[in-house]
Amino acid sequence: MSRVPPASRLVFLSDLNHIEAGEKVRFLGCVEDYIVPSGTLVLKHNYPPTSSPIMAHVNINHVLESIKSTEMQTGAWLNVIGYVEKSAVDRPTRKLSRKQRASQQNKVHVQAVMLWSAGAVKVDAYERAVEQRELAAGSAAVENV
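Residue numbers (my numbering): 1 to 145.
Bear in mind the hints are in silico, worked out from the structure with no lab data behind them.
Any given hint could turn out to be false.
[Stated by the list, open to error] Under the rule of at most 30 Å between Cα atoms (straight-line distance), these lysine-lysine pairs were calculated in the DSS-like manner:
1. Lys44 x Lys122
2. Lys24 x Lys122
3. Lys68 x Lys24
4. Lys86 x Lys107
5. Lys68 x Lys44
6. Lys107 x Lys68
7. Lys44 x Lys107
8. Lys24 x Lys107
9. Lys86 x Lys44
Work the whole structure out from these sequences, hints included.
Structure follows, in structure tokens:
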């Protein structure tokens, strides 16, 4: 009997820090930085707008050979499917300064299993579509109670 991998859950990047480690997710993000030594893309999508947006630190080592250089450039919008990972936030942070702690809390780590360019994505249309999907999923859950 073959085992089918779990489907990914479409979420906003800003929701990633509320998702349990090990869950498979799909999200959209804009490249802020590429950290070469660790093979990590830092992605951001400031939605809803906040003063301290969540940054997704996406490990791309497993998919590095299939990524084009243009997809790693600052400003590129990417679709990511991956698994949320435990991060330094899960460890004690007493020795960190308040600023360092705040920075750690705005980071989430994801292991990418698939990544592709979003091209000239209409971000506002994407945001509306994800919101509508979340509303539909929420009302379906209420009906099943």
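So, going through the hints one by one against the coordinates:
1. Lys44 x Lys122: Given that 30 Å is the threshold and the Cα spacing comes to 16 Å, the pair holds.
2. Lys24 x Lys122: Holds, at about 24 Å.
3. Lys68 x Lys24: It holds: about 23 Å lies between the C-alpha atoms, which stays within 30 Å.
4. Lys86 x Lys107: 11 Å, holds
5. Lys68 x Lys44: Status holds; Cα separation ~19 Å.
6. Lys107 x Lys68: Holds. Lys107 to Lys68 sits at ~25 Å (cutoff 30 Å).
7. Lys44 x Lys107: 10 Å, holds
8. Lys24 x Lys107: 17 Å, holds
9. Lys86 x Lys44: This hinted pair holds, its Cα atoms lying about 19 Å apart.
Every hint, counting from the list given before, is met by this structure.
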